[in-house]
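Colleague: Heads up: the sequence shown begins at 1 in the numbering used here, then just goes up one per residue.
You can trust all of the hints, since none of them are fake.
The list that follows gives simulated cross-link-like pairs (lysine to aspartate or glutamate, EDC-like), each with its CA atoms no further than 20 Å apart: (1) K207 x E231; (2) K207 x D159; (3) K207 x E66; (4) K207 x E112; (5) K207 x E71; (6) K207 x E68; (7) K207 x E70.
Calculated from the structure, these hints are not laboratory results.
The structure presented is a predicted model; accordingly, all values stated were derived computationally and were not measured.
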Amino acid sequence: MQPDLQVLVQEIRQIAREEILPRFEHIGFAVKQDGSLLTEADLATNQRIATFLLQQWPDIAFLSEEMEREEQARLLREAEALWCLDPLDGTSNFAAGIPLFAVSLALFQRGEVVLALTYDPVRDEMFTAQRGRGAWLNGQSLRCQPSEFQLCNAVAIVDFKRLSPALKQALMTNPPYGSQRNLGSCVLEWAWMAANRGNLYLHGGMKLWDLAAGSLILAEAGGYAATLQGEPVFVAALAPRSVVISPDPVLFAAWLGYLQAQQ
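Use the sequences and the hints to build the structure in full.
Modeller: Right, here's the structure in full:
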């Protein structure tokens, strides 16, 4: 039996509003070994959510971005049911005073995402999904819609991190789209694609907690996603995965075709 999504929604919203928002623009940060940033808000949110999940569902294991890699790998090998948390995605934005960041939580069962939520506390937007039951934004059904854009005038959200030099050069010198953005929060970018905010998306290599919840939210909203190699994005593993997305099937095929031709 799956956890009650509404119980999760209420608690995650409360924790984020109590632990993240009061610290926004008021605290500093530290630099982790991999060069990414860590703030007091990451740690406090991580602890609150971990404690809540363990109290409510003690039989479900817990994996977080803030754990050591060896422990993350062990949990992925051994746990049949597993929470996967990113307590604050977009930490660099948070530390710089840019209001684009979110909490993201996914539930894996036997290596498959079955429940997901992404919460943007600044806008009070809660994106949720359950496998086979749909996706929602603040309780309203999310459905990806075809656009009237062609590739040449589409709005693309592109993160150049981990893209090949050849693909970076092609996108910088002769982009196939009309204009380009970058939010700086992977989990929000998945959610915004599911909500038809933008036409195209590309990231060179996301980590598991960046893509787990979003992959289900987008899929349940009817969107399209693949790696640059045309494979499914979600794999219950720690190695980074490239991500290509569009809410529109025609644009998705054209976008993926263009990207693969540059490899």
